[in-house]
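So the protein sequences, as listed, match chains W and X.
In this text, residue positions in the first sequence follow my numbering: the first is 10, and each later residue adds one.
In this text, residue positions in the second sequence follow my numbering: the first is 10, and each later residue adds one.
Since the hints were derived computationally from the structure, they do not count as laboratory data.
Among the clues, some could well be false.
Any copy, or any two copies together, can satisfy a pair, since identical chains are not distinguished.
Distance condition first, Cα-Cα at most 25 Å in a straight line; then the derived DMTMM-like pairs of lysine to aspartate or glutamate [claimed, not checked]:
hint: 1; residue 1: K186; residue 2: E83
hint: 2; residue 1: K186; residue 2: E466
hint: 3; residue 1: K474; residue 2: E458
hint: 4; residue 1: K474; residue 2: D145
hint: 5; residue 1: K186; residue 2: E260
hint: 6; residue 1: K474; residue 2: D146
hint: 7; residue 1: K197; residue 2: D90
hint: 8; residue 1: K186; residue 2: D248
hint: 9; residue 1: K221; residue 2: D181
hint: 10; residue 1: K474; residue 2: D497
hint: 11; residue 1: K221; residue 2: E231
hint: 12; residue 1: K512; residue 2: D497
hint: 13; residue 1: K186; residue 2: D501
No experiment lies behind these values; they were computed from the predicted model shown.
There are 2 protein chains.
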Amino acid sequence: MTEPTGRRRGGGREARRAVRAAGVATLPYLTRSIPPYEILGDEGLTIIEQNAETILEEVGIEIVEFPDALGIFESAGARVDGTRVRFPRGMCRDLAATAPARFTQHARNPARTVEIGDPHVVLAPAYGSPFVRNLDDGRRYATIEDFRNFAKLTYMSRQLHHAGGTLCEPVDLPVNKRHFEMVYSHIKYSDKAFMGSVTSPERAQDTVDIAKIVFGEDFVAENTVVLSLCNANSPLSWDRAMLGSAKVYAENNQATLLTPFILAGAMAPVTVAGTAAQTLAEALAGIAFTQIVRPGAPVVLGSFASSMSMQSGAPTFGTPEPALVLWTMAALARRLGVPFRSGGNLTAAKTPDAQAAYESAATFFPTLTAGVNFVLHTAGWLEGGLVMGYEKFILDADMAGMAGALLDGVDLSENGQAMEPLLTTGPGQHYLGTEHTLANFETAFWRAETSDSNSFEQWEADGSKEAVNRAHERWRQMLSDYEAPPLDERTDHELRSWIQQRKDSFPDSDVS
Amino acid sequence: MTEPTGRRRGGGREARRAVRAAGVATLPYLTRSIPPYEILGDEGLTIIEQNAETILEEVGIEIVEFPDALGIFESAGARVDGTRVRFPRGMCRDLAATAPARFTQHARNPARTVEIGDPHVVLAPAYGSPFVRNLDDGRRYATIEDFRNFAKLTYMSRQLHHAGGTLCEPVDLPVNKRHFEMVYSHIKYSDKAFMGSVTSPERAQDTVDIAKIVFGEDFVAENTVVLSLCNANSPLSWDRAMLGSAKVYAENNQATLLTPFILAGAMAPVTVAGTAAQTLAEALAGIAFTQIVRPGAPVVLGSFASSMSMQSGAPTFGTPEPALVLWTMAALARRLGVPFRSGGNLTAAKTPDAQAAYESAATFFPTLTAGVNFVLHTAGWLEGGLVMGYEKFILDADMAGMAGALLDGVDLSENGQAMEPLLTTGPGQHYLGTEHTLANFETAFWRAETSDSNSFEQWEADGSKEAVNRAHERWRQMLSDYEAPPLDERTDHELRSWIQQRKDSFPDSDVS
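Whenever a hint applies, use it, and build me the whole structure from the sequences.
This is the structure:
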């Protein structure tokens, strides 16, 4: 029968069934078949868009220590006054029109290449924590060994489609040389698409140069192989590190996530509509910048907004206001016609306890229903991002596995309607043994691998383990089972030589 | 300014602000201002509706040990064959047309009276567990003392708008007399609207008679003061206990939740569309029955669907398929024009750990976005409903507190747009001290009371407590602080005398 409903078909369910049948471990990315959840109508979204234009026109954006950017903006028609750039209404939006609605980020293993943009969803691990936590060590500073561990775990997690970027900060390495080992680890220990350095334009260029060794110079010139996270300094300012990195990537046709990172109440007004207008203004300026540098350069509109405790001023997560920002920003990105990044499994909890899980899910569900295209922080995030948790990583990734079935929506095929069993199985009869159940049972229901749904008695006999204990066993087992994906020996050697040469060319420094 | 968006205005945010300002602890119920999340279009929903009609017409509903119901259905035009009732297409839907789209359930304290139906949301605690669990005792059978404790905790929980029903099974009391003490406890220890007995028509009548003592016979004749849960015996059968109770309540103009309780794969096909069609068929038959008994009797269409572990056959919760059923059934109830009940904080976990919280939130978010009007199992549910957890109750209720702010949606008032602070606070400046922030700070962000968002150092100094420990302290403190709401002494005496008389009129029995 033909597909009768309004749901968009992207082949998600069928593709996943095919993959399962073929015994392949990972689908490269998800396809959303359910519509996005729209909480505001056109009129409300237009108000926020107009407010963003007013902000860009009247207040403008401060450019910190990056005179080049002032000239670039001015060349495109912006008014520059000192380090302040003001934009005629509609200028940034017009410039954003050249940004692609969707782009391909190539992985070194072509089977892992991802599509970023509607109707697709790419899940990536958490990013940027200086600390790690696990049941063995408690909480401590992260090292390059931890980074490698999370690169391996991400590679092995079939729910994660992307290697991510700064999985944790390898604080045992000099600040100015960490990026070499982080980018190398993504290539060495994984074959998924990865993120590059944004802490300076020079390190962004190092990332591109490393990518050229892996993918070949010609390939990189014509394709996107790196996606990197450039955060605005909210409110309303962009600095050289981030915008300079964005410039390097755009010049090289590489992708950037341009993300205002906002603690509402401190870096933006305390309201949802105010935070959304500011986020849009900041992101628009960043997107416009990349499109002036290179029209058509792939960009993603990012939004990260947290709420704040009224008592302590600490950031809070999993609260309703950021969920409202998320749904609103996703709609605004759709109207702008660019891919959208937000959400994840965010929490302020210190350990992977009930608070951590409630808060994480309270961000992740809005993430899935909003229609986010690239989800950073899908797995591992604790303590407002200060800590990458080993057990939290396992639990988050496992729960994120439900995204595929959720985004598939309702199957209204003949098999999905199930009228044959409904009309032939009598009242009071069980469906367990019906032909339809047997034919569908294996793929009918998603199930978390770390959850225990057994009887109390069985659970007790199994040692009365809580989720964190099961997750602990799992990551240790995974690291013990890890096998590296094949990497051409010559390429590996070339990478190591090039990195060593670069490292030797300037002294170590812990000044960022 | 006028309200420019498509969101429905129910005064939720303003009402809550007024309540907060007045120092009142509880809002009687929530008002949803965001639109419901629709995952299927008209065409898809029509298919499921037509399939339900086909089931009712061709297979029909089995009526177990309740000949009266056969006559009642036949009198309205159904075809009865033995104990099987088949319905001409559209008959049940036509009958359901007399059911109100929304009704008032009065509480003995008028300030707690609730509205059940769009655009309102009423949150009630979990229902029906034979066991309880807490950090002091672990897991054990529930007693009437536990029931009273949960009645008190529910009364004190401002996030819960309804007293609920079988908070836990008081297994220390004889099966055939438990209902007296349960209903009495709701009246004695709380002043919120409550649920009645459904284990036999006689006990339903006892509930109505008790309500008459509390509210007055004339008041009960003209108003709804009891809401009770009648579950179908899926697949496709209704029995005397449930349908007989529904008959008593309908005759007395009291409300029923007519809920197919379905473990998909066992009691229905393994597919979402199949489970939805069956749920609709079963509920339609039940709703039609109440409307034949008394046109206009208040009813709620209920849906409870769980998925199943492929390995063990155990029910699983917080999975994507039940979420899809929930969103679908909510849309079908809206099209039918009756209030909808589903969802809650459901989990198969044994303790309130990360699994419990992830799974609970993965049901509660679909619940909120679907537009559910009455939410049973909002707080306390563990082990697939076998256990009522003290700490789980506290955590669930606390997290449910976010519902108000979420359902309010985006405030697009002048204050909500926040353009004044956006245009006057410069780039790089903080918003903490702005007039707008100070004016809004106290009500700007919802915050869970049991969550710890402090720094790691502060959290450590506070004893490194996890969520379950904080919840444990909280329920003990609440029970220690509990003060009963006023209850007229004469009414109380009359209740006790009437109950004693009824108890003495037949022997104790543990045969249900």
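Hint by hint, here is what the structure shows:
| no. | hint | result |
| --- | --- | --- |
| 1 | K186 - E83 | neither (34 Å within a copy, 82 Å between copies) |
| 2 | K186 - E466 | neither (53 Å within a copy, 30 Å between copies) |
| 3 | K474 - E458 | within (14 Å within a copy, 27 Å between copies) |
| 4 | K474 - D145 | both (16 Å within a copy, 18 Å between copies) |
| 5 | K186 - E260 | within (23 Å within a copy, 79 Å between copies) |
| 6 | K474 - D146 | both (19 Å within a copy, 18 Å between copies) |
| 7 | K197 - D90 | neither (46 Å within a copy, 71 Å between copies) |
| 8 | K186 - D248 | within (21 Å within a copy, 73 Å between copies) |
| 9 | K221 - D181 | neither (27 Å within a copy, 74 Å between copies) |
| 10 | K474 - D497 | neither (42 Å within a copy, 49 Å between copies) |
| 11 | K221 - E231 | within (11 Å within a copy, 79 Å between copies) |
| 12 | K512 - D497 | within (22 Å within a copy, 83 Å between copies) |
| 13 | K186 - D501 | within (18 Å within a copy, 77 Å between copies) |
Hints 1, 2, 7, 9, 10 from the earlier list are contradicted by this structure; the remaining hints agree with it.
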